[in-house]
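Student: Just so you know, the sequences run in chain order A and B. Throughout the first sequence, residue numbering follows our numbering, covering 1 to 903 in sequence. Throughout the second sequence, residue numbering follows our numbering, covering 1 to 137 in sequence.
FYI, nobody ran anything at the bench for these hints, they're computed from the structure. The reader is advised that the hints may include incorrect statements.
Quick list of in silico lysine-lysine cross-link-like pairs, DSSO-like style, CA-CA up to 30 angstroms [claimed, not checked]:
(1) K80(B) with K68(A)
(2) K47(B) with K49(A)
(3) K63(A) with K47(B)
(4) K63(A) with K86(B)
(5) K131(B) with K68(A)
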Amino acid sequence: MNNDSNKPTPPRWATRLLQWYCSPHLLEEVEGDLSEEFDYQLQHSGLKKARLDYIRNVLGFIKPFALKRKPSSTSNSFLNMNMLKHYLIVAVRNLLRHKAFSVINIIGLALGMTCCLFIFLWIRDERSVDNFHAKADQLYNVYETVNTSNVITGSYNTTIRFTPKVDVPVADIKGSIPEVENLTFYSTGYELPWGYAETFRVGEKIHKLEGSRAGKDFFTIFSYSIIAGDKKNALKDINSIAISRKMAKMFFDTPQKAIGESIQYENKLDFVVTAVFEDIADHSSLKFDFLINIENQWLGKVEWASPKVLTTIQLKKGSDLSAVEAKINRFVQARLDKNDPRKVSLGLQPFADQYLVANFVNGKPQGGRIEYVRIFNGVAIFILIIACINFMNLATARSVKRAKEIGVRKVVGSSRGSLIRQFLGESMFLSALALMLSAAMVHLLLPTFNTFTGKHIVSPASEPTSWLILLGLMLFTGIVAGSYPALFLSSLRPVRILKGALQYSSSAIWLRKGLTIFQFSISIVLLIVTLVISQQTRYVQNIHLGYERDNILYIPIEGELKDPKNEPRNFHNYTIFKEKALSMPSILAVDRSSEAPHVMSFVVDENDGHTETANGEDAIQWEGKIKGASVGFKPMSVGFDFLKVMKLEVVEGRGFSKAFSTDSADAFMINEEAVRQMGIKDPIGKWVSAWSKKGKIIGILKDYHTHSLHEPIRPLILDVKEYEYFGVLLVRTEPGKTKEALASLEKVYKEVNPNYPLGYRFIDEEYGQLYSNEQVVTKLSNAFAMLAIIISCLGLLGLVMFSAEQRTREFGIRKVLGATLTNIVGLLSQDFLKLVFISFCIAAPLAGFFMHEWLQTFAYKIGLSWWIFVIAGATALFIALITICLQAVQSAVANPVKSLRSE
Amino acid sequence: MFVKKPLFDMASYLVIKTRTNSFSMKRTYLGEFEEIVLLIVAMLDAKAYGVLITHQIIAQTARSVRLNQVHAALHRLEEKGMITSKMGDPTPERGGRRKRFFSITTYGQHTLQDIQSVRANLWNLLPPSLKLSPGKI
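Build out the structure end to end from the sequences listed, making use of the hints.
Tutor: Okay, here's the thing in structure tokens:
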């Protein structure tokens, strides 16, 4: 032993190398020869020479004859062309022999894949939004987190102090913080609460366009392409304007001609066109037809359409995000009011995320559309899995037919590995066929899908990555779908198969049943989801909002209509318009309000980080208010006929009336919710104030919805201000006479406001759009539920066919002995209906839970009533029954003579 | 009852066919080194194996050869059907590994004889001045 271990050995690595590369059938002799030679050399030439020689020999053996593996007797090579061809022929023959099965299989897989592909297209499109900017990885939005007495809110809003003058502390971080390379602001001019399309005029050409205000470096930070003019100085000047190709065409025919031209804004300001940019693509979340310098807004030259201002900064490459955040906070804190009870802190979020992550939880960006993206991702995978399960189920069920083939193959000497490869290959083949089918379907259905989702997705067929994805999908589906059948079929015992006694173990049967239950559970979940979502959408659409939303249209107050200088007031353009309009046919009532009444978004005294008044007090005060008891009011100024136009109900006191001369000076109305939250008793006649206006409460309005049903009704406070320079005109038209009313309005409007085209919108239409997201989801989940049901039914059909085939002789005997058609159908059905029932028991609570969560996003919602579940269950059961009967009846009416003679 | 056995018939047919093929083949080309190896194998008479053959070549021809060259040549010869091999018993000096013993086949012997006779013919055709006389070298 001792002697042995001290004996010099050849270098170990060389031996290892040899063992690694050398073909196993040669290894023993080669290794033996080498070690013998080594010993020989050791004795004759010494250790060093022996070792060297050994290494040279080992390296010398790296030759084809030593590397080549001995071909095994059963030719396992998958690349064996003969075998491959043979497998392919067998696969095609099998497809053609069992046409029904093949069609079910391929269609099922193709449907699943199509669905999957569409969802991937959608997700890809969603993810591509805002990702086209060249510096996307350096761009961050500044979001603010506001903590007021431990209530934390967040938004992509810029902290601004409005008093004594507009001050934007964050504006100075460029230059003060070295990591911040650049900074820009963005604020729309058309968004709620006071935005609308603004009017431009060049000569006789007048158009309304939606545009925004932005910081001067906007175009250097973002990659919107400039087609004419100077990119760097596009917004440098306070009276410069950048316009889109579309707008340039409208006014100046070509983009080049537009440069340097003057354009009149809202009949009061003149801007000089400095740049023309390409029309904004769908993949930009910022949409605008023109941009002006945001200084105009700071200085009050143009309106604050929305108090929301977005700050985007460009960081140096490789900056430490949290360090920059800390620096920005330190910098900004010093410039904020120390006595403000609202604690503001700032954070950074990648610019590209703002579209998908628009919601805030606990003051941090979290959730939003990204949730839909995640959900649909899950749905896509689920549907694909359902389709794969189908395939597994059918393939296993069909194994009776293939059993003999497998038996013979095994007897002749096929190894299990080659059988597995054969069946996996077959499923790949099927999955390739299905993929081709689904690619064609996607191609054909893409336009429909686009109208469905309101997107403009183009087929990505020209991109090589999408082909890779398709290939990946094919491999994935092939492997997932083929794995179980391959393992199962290859495990069958040849002796038993060839003797004709193919018995399935109970575990295999249970697995198939389990798979069916899984499929049906998903289908039922999707059915319930569809039912609940569409119910909720219908509820939202049909709920009585507290006002009549049909036949009201609204027009922004602009141009001559806003002019407050016309004295005396009787000749104010608004008054003139109202009188003239009311004298026209089909117009029932005209009034005004400071915000569109169905989507009010302006809230005061809310803990959002903004001070409402110069001294930091709440804007709304009332008799008996405890200090600090802020109530988030929605304030609105209206005309005398507002209640009449909207058809609102007064529950206590009276509405505004011209009969009371003081009403325009000191009358306030509040809603029931306000009474509740203010904690005020006998409110009529109590004093109340809004900013500097003080007055008394004259009436209580019945609660009505002033915004989407996602939020609960808020306290509302109304006063009369007939000559406010902003807001909207409200017109109630006679039902069924919209056309006439519009013609009348057009005429009157032209007289009063000749420089502005009439821009009207219908409140009921706009109300519908508040829920466009939900509508898309309804449509999609509808489609998915259908698909899931179809695919599951295909699977069920396969199972029933299999079962019916297995029991052909049994049925024959039963029929001979006098069984009726119903007996046999019942016999076949009950097993499968049991499965559907079990699926329902699994699916109902699951779906119930998810839908309960979803409904929580609405303040006003339907209850999850039992009948929704019953309908979903019954539908699934009914469809399953039809599927089963299709096959069951067929085997029940079959002539027993044939079936009994078949052996 | 009479049972048809087509499979068996096919198998024997195949066996016969392959054999005929290999025997009716024209003489395979034999490299110079291969010829030496084949001669050594024949000389060692069923006791030939890698190391021994190598040492014998060195001893008999005084050329320097490496083990791997010999192995490659043996491999080719076996492929050509000139030699056959079988594994011996485990040997303690090789760490319990077995040797592969090579022996020449009839076909190999024929080939060697063919070569020899062709050469002899050629020698006979040489002009007398060039002919070797025994002991001249």
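Student: Next, verify each hint and record whether it holds.
Tutor: Do the hints match the structure? See the list:
| no. | hint | in the structure |
| --- | --- | --- |
| 1 | K80(B) with K68(A) | 17 angstroms, holds |
| 2 | K47(B) with K49(A) | 27 angstroms, holds |
| 3 | K63(A) with K47(B) | 26 angstroms, holds |
| 4 | K63(A) with K86(B) | 22 angstroms, holds |
| 5 | K131(B) with K68(A) | 46 angstroms, violated |
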